[in-house]
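Novice: In case you want the letters, here they are:
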Amino acid sequence: MPGLIPAFASVATEPMGLQLLPTDLLFLGALALAAVYGHSAAREPLARARWSRVLHSPGGGIACLVLSVYLAVAVLDSVRVERAEQAPLTVLDLVLTPLRTGMETTYSAPFATHAHARENLEHAPGLWVRDYPRLKFGGRHLALPEETARDLVRRIALGTALGFGVFVVLTLVINQLRGRSLRGAITQWWEPAWRWHWSALGVLCLGITIVGCLADGWHVLGTDKVGQDVLYLSLKSVRTGLVLAVLASLITLPIALVLGVLAGYRGGWVDDVIQYLYTTLSSIPGVLLIAAAALSLDLFLSREAGALHSLALRADLRLLALCAVLGLTGWTSLCRLLRAETMKLSTIEFVASARALGSPSAALLRRHLLPNLMPLVIITTVLDFSSLVLAEAVLTYIDIGVDPSTESWGNLINGARLELAREPVIWWSLASALGGMFGLVLAANVFADTVRDAFDPRLGPDAKGVQGRA
Amino acid sequence: MTAWFVRRLGYFLPILLGVNLLTFALFFVVNSPDDMARRHLGERHVSPAAVSDWKRAHGYDRPAFLNPAQNGLAMVTDTLFFAGSSRLFSFNFGRSDGGRHIGWDIRQRIWPSLAIALPVLILELLIAVPLGLAVALLRGSAFDRGLTLLCVAAMAISSLFFIIAGQFLFARMLRLMPISGFAEGWDALRFLLLPVVVQVLAGLGARVRWNRTVFLEETSREYVRTARAKGLSEARVLFRHVLPNAALPLITTIVVTLPGLFLGSLITESFFAIPGLGSYTIDAIQNQDFAIVRTMVFLGSLLYILGLLLTDLAYAWADPRIRLGGN
Amino acid sequence: MLEISNLVLVAQTQGASTRVVDDLSLSLKRGQTTVLVGESGSGKSLTALAVVRLLPPAIRVATGSVRLEGRDLLHLSEREMNSVRGARIGFVFQEPQAALNPVMRIGHQIGEALTRHRGLRGRLLRERVLELLAAVGIPEPQRRFKDYPHQFSGGMKQRVMIAIALAAEPDFLIADEPTTALDVSTQAQILDLLQATQRARGMGMLFITHDLAVAHRMADSLVVMKEGSVVEHDSRDALFSAPVHAYTRHLFAVSPRLTPSALLTPSPVTGEPLLAVRDLNVHFPQRGARWWSRTRSFAAVTDANLEVHAGETVAVVGESGSGKTTLGRTLLRLQPAQSGRVAFLGRDLFALPPESLRRARRELQVVFQDPFASMNPRMTVQQIVEEGLVAQGLLREPGARAAHVGNLLEKVGLDPAWSSRFPHEFSGGQRQRISIARALAVAPRLIVCDEPTSALDVSVQAQILTLLKALQQEQGLAYLFITHNLGVVAQLAHRVLVMHQGRIVESGAAREVLFAPQQDYTRMLLAAVPSLP
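Residue numbers (our numbering), protein chains in the order written: chain V, 1 to 470; chain X, 1 to 327; chain E, 1 to 533.
Bear in mind the hints are in silico, worked out from the structure with no lab data behind them.
The hints are all genuine.
Each pair of labels, with its calculated beta carbon distance range:
(1) Leu-76(E) / Leu-126(X): 32 to 38 Å
(2) Gly-267(V) / Ser-356(E): 21 to 27 Å
(3) Leu-169(X) / Val-153(V): 30 to 36 Å
Simulated coverage check for chain V against chain X, where a stretch passes if three residues somewhere in it have a Cβ under 8 Å from a Cβ of chain X:
(4) 273-285
(5) 292-300
(6) 386-397
(7) 429-440
Beyond 10 Å from chain V on every Cβ pair, some chain E residues (computed):
(8) Thr-63
(9) Ala-200
(10) Ala-213
(11) Asp-220
(12) Ala-299
(13) Asp-348
(14) Gly-399
(15) Leu-467
(16) Pro-517
All C-beta atoms in this analysis are idealised placements derived from N, C-alpha and C, irrespective of residue type, glycine included.
Using the sequences and the accompanying hints, generate a full structural model.
Specialist: This is the structure in structure tokens:
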């Protein structure tokens, strides 16, 4: 953490301009759209009640917190700063400068002071020994490797203290925003309804500050084959996974919505055609379809866009292509659900009343069908989210995923998979990739479950009473 | 009965055709006869004459979809699409880009795929259904909450983790099983054990969770209340009333995957070096062998559609409301 | 004897707990029928479920006891309770469709109870089940023994339910609204069956209903419940001749009666009819008997002829499947017709181009049955009521619509300040009022009322009917009132049409059709209606 300030300083003295790659634009755009929806949902009491139910439940609230952290990392990684004579860096890169620049030559274990492989070292002039060399960055500040434990403890203590401080400040700020006095905030922040949420926030604060303090002098998760810090790589991979999931959903949504509602509402031959379309598409095995489409798109790109000299742009387009492929092939399940739900809604009396009042179809769709389809859309999108994140790893393994130069969990796993056979075992890349994925997917799944429970029409305020009629 | 069958076939045949058209178009964009010719003759220094010679020699000099030079039916039939499709539909898969006989390869590789897929299905059923029932019986208890938590966590773990960890733990550290590979005959068992176990574990979380949802939904239905009002024990209510009803959605999801079992799991076979159809497909994708990929896409869709057909039949047979019609 | 003493049931919902049954005591003797009467929310069904300990998860017993021959059922273990359920106390549920296991043959479902409590198997079991089927009046028991529930009609399914309840020969029978979901003619048969069975076996019966007329028919003694408490408890004759509590008297007053005194004075039929229907035919596609069969066509409405004049109420009466709802929907052009001519205000309704149809809709409106499903839960009352104005492009000046909505709300008896609220904040009756306001917004001349009060309690129903009558007086509205409830028809209709299996079998002035029917079917229908003294 202390290394942050010099890093910022060095950049601040150079001319700066912002750059956004295509995926950055789309990703941030999608988030903006979500924010707009959130704003409109906050105004409509029914939606607001449901969402507050989601956030109030311990699972939903904590999942939201975790997802926000991931999202923050991804957003920071999506804004690029141009530098003179050098490749642009993202804001995340700037924040993580010590990790980014503290490279080794090759593998090293977490919290190691020495490299993982032997080299020829010159201990004394003329005296060559094959031994493990000291790392260039990890543990560099220690004179003796034996001091490691003490140094770690010191750093953890510092991190804990910082973490508590941050947590207390955050608590006070949040309580102030909620309109509580200072004293009220302090006495009330342990109320049972929010206990889990505050605890999670506390754990997160502590975790981030402790890791931050440790990362300042050590490779917390070791280094990979070319000596790059694995923690840095994992954090960079977050954006890839999130961009993939978000953009693919962004493409899936309009297709599934338009086709599903059209099929359910119009019926007749329109319905038959759309059913034919999605049955055909879904009968092609998923991986094969994605593989075929990705290959086609790849070759197309390399033929047309071969003139692009920016490697970053090339890799970005490939990511975009993958998002497009996943989006264009994944709309069938949502379409099917929307069709069934639209058909059901079309027979409900309030739609019949609207028709009897002379409302044109457009108004029916806009005011009656679409708002009541939103719960289904949200639940399905969030559920698909996690499977998209997991899919990236698998697809990268068969070489139809992201470009090898893009940091992603799939690439981390791919590169490290075979290293398990080495002696001693190199496990940290794999562990960090799988752990990072696990955190995101678990949070997304728990979030999806809470959303599903909150949006269940039988449990909502518009449900019938305990006894209904009799 | 036959009328219904014929109607269903009439519905599915255009879908197969559509699938075929889609894949043909996709592949044609990427891998036109010109590209194929260039690849075979070497990348550079290829004259257009050599390309057209090669195309004529291999029968690729016809247009893709519509041949205006011909008359009548031949306008459609004397095309690459028709020729290729009719070959596929008659199960004449031809040769791969590497020269191997695809049909023969497929026939060989079906068995290893099945040798994994079938035990996985059976084991999953044997474990997930009783667990789902147990949870429905003990809903709200600590067992239910603990198991649900476990399932949610398991579902968030990538299948790659199960494979890699499984290989690492059992094969490398404990040295109980070989890491990968295959053998003929009964010797294959020791190579199959780990992949089967890994795949079952990877899918268990989602399956138990889904079973639990289905069972719980059934137990909240009114006929369950009637059964209880008869004085039946909870166990009997579960087994004689809930399970047969819950079996209906279960059947739908299982039967539709049955034909697809032949295709095998792409990732598992690849990691464990099992010579099944899954690894066959993955190798083809990685080698950009379009002939094989096209065949596997065709087979995959065919099997999926077969699965849909079987599901209709199975559901109609299992649900008396459909089997015996209305009043 | 079954004795319930000081029973208190509590509902636990998100932190708050409310008493849904408060200090209820009653006793049930063998050979007698006690009827629990009350509207929704009175706690009568929950009481019944509490006796056999099948309460829903959110409800629990706070205090009290339920003694069967001295044993307190509430303190038995689950295993002991299972020996009581079915063997000592039989239960008949309300919805036979949902209450039977759809994938188990009914023979087995009945036999299960016998096997459990009497240990019968094999041939003896089969004989006994066939006996039971015959006893509850199911024809051809041998053939029907192997059938599944969906192959029976609603009434037949309820007979099967009764057979299940009686199988192990319990001393007591609890029937929770067993005929509420059935047609009136079927209801009469099932009530006969229950009464005969109870008398023959000397059982004690606890009968739950909201219908006072049914209560009168079945009861030896009556317990009137209101919001969880017992309001009055007496023998049938004493209660009906001299009700003591105000609520009981109120129930008597609002229960619809089929008496000539309730009739309206017939309005003179003048001028051209607003609506003239000639030879209307409506068909549906329907799946064939076997799952592989082609779809067939089902005739919902055949050769319908009717007229509605300004200011009059024409009631369309029929049981389920008679086609009355389809008729209403077709007239609103929510459903296509195969042939026939419908003239509305002199113009052919089916031949109107879209723009003219839209304007014609102003004059022809609808109020639906289900107060929950007839409003979009995401729209405010203001938006709901003004929907017609928006669709028709009326009252565009700023503030005009809001003012009009306020007037309408007042007219239907609601506070105009509530226009910013959402549907779920209102009761069923209030929601129906909003529906009526919505229909009135575009100033129609004819309103199709599709069972508007069938989902409401009796007292609320009376209020809505009063409102409808008042609006008719005030604005000269005409109603096409679709219902299955003959008692309601008596107090509301000028003319009555009786539908049976898609055809109009009788039509005429209310006085004639209801009290001097010409057709057998109408006579049968009227005879089946339970009456109040």
